[in-house]
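Q: Listed here are the chains, written in short residue letters.
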Amino acid sequence: AQSVTQPDIHITVSEGASLELRCNYSYGATPYLFWYVQSPGQGLQLLLKYFSGDTLVQGIKGFEAEFKRSQSSFNLRKPSVHWSDAAEYFCAVGANQAGTALIFGKGTTLSVSS
Amino acid sequence: GAGVSQSPRYKVAKRGQDVALRCDPISGHVSLFWYQQALGQGPEFLTYFQNEAQLDKSGLPSDRFFAERPEGSVSTLKIQRTQQEDSAVYLCASSKNRGGTNEKLFFGSGTQLSVL
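Chains as they are written, first to last, in my numbering: chain A, 1 to 114; chain B, 115 to 230.
One or more hints might be untrue.
[As the list claims (entries may be wrong)] Derived lysine to aspartate or glutamate pairs resembling EDC-like cross-links, with alpha carbons at most 20 Å apart:
1. B:Lys218 x A:Asp8
2. B:Lys218 x A:Glu15
3. A:Lys49 x B:Glu158
4. A:Lys68 x A:Glu15
[Claimed, not checked] Below, a sample of chain B positions facing chain A; criterion: calculated Cβ distance under 7 Å:
5. Pro122
6. Gln155
7. Gly156
8. Pro157
9. Phe159
10. Thr190
11. Lys192
12. Phe221
I should point out that these hints are in silico values taken from the structure, not numbers from a laboratory.
In this text, a Cβ means the ideal position worked out from N, Cα and C, and glycines have one as well.
Please model the complete structure; the sequences and the hints are all you need to start from.
A: See the structure below:
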């Protein structure tokens, strides 16, 4: 069955430092992969997505992610974190043939220290 | 509207009560999704509509959950005889076209349901 694992429940990063959030997936076919961000009281916002092609994808707010098939990973990165990046981050995989459902990981909470 | 709107923002129900949660998708969006997000968990898919047709309800946890979208715009998620395990944030999302996985989903802020 398809699944998404985010190994880190909570990460704290200093403002200005680099960030990497881990995501591993289990999916039989070529996956559609997503990263969403959820700020308190806000809806989920799409950061970036991977369907095919270049394995390094750029997203909004300076985020990028790299698809590594051999490692079944889709880690999210940002070179320099801002205090406003503090939020919860979810990795997701497109789940079914019809493509109408996403399977989300449990999320990683990012705190940014000054 | 400018975004996906959900109401109420918070709902407290006594166990056994029926509740109705409303979702106003972005105007003109064909596809509408409901997800359930329990505390400390990621969202879990409940059901999907393409216009007024409910094409996938595989994620509904029991027959106490019912969703409708009669005119292909506003949707209502109804939970009958609520149980404590129904306590969660219920998220609605819409997308412009037929809701393929390559579509961008726009999420509402959710309805936080607490069942006492």
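Q: Compare the structure with each hint and give your call.
A: These are the hints, each one checked on the structure:
Proximity of B:Lys218 to A:Asp8 is assessed by CA-CA distance (about 26 Å); at most 20 Å being required, the pair is judged violated. With a C-alpha separation of about 30 Å, the suggested pairing of B:Lys218 with A:Glu15 is violated against the 20 Å cut-off. A C-alpha spacing of about 19 Å is found between A:Lys49 and B:Glu158, which places the hinted pair at or below 20 Å, so the restraint holds. Distance hint between A:Lys68 and A:Glu15 is unfulfilled; the C-alpha atoms sit about 27 Å from each other, more than 20 Å.
About 14 Å separates the beta-carbon of B:Pro122 from the nearest beta-carbon of chain A, more than 7 Å, and the hint is not met. For B:Gln155, the interface hint holds, since its Cβ comes within 7 Å of a Cβ in chain A; the closest pair sits about 6 Å apart. Taking 7 Å as the C-beta cut-off, the interface hint given for B:Gly156 holds, the closest approach to chain A being about 3 Å. At its closest, the beta carbon of B:Pro157 sits 5 Å from a beta carbon of chain A; the interface hint therefore holds under the 7 Å criterion.
A distance limit of 7 Å between C-beta atoms decides the matter here; for B:Phe159 the minimum to chain A is near 4 Å, and the interface restraint holds. Nearest Cβ of chain A to the Cβ of B:Thr190: about 18 Å, over the 7 Å cut. The hint is violated. Annotation: B:Lys192 was flagged as interfacial toward chain A, and the flag is violated, the nearest CB pair being 20 Å apart, outside 7 Å. About 4 Å separates the beta-carbon of B:Phe221 from the nearest beta-carbon of chain A, less than 7 Å, and the hint is met.
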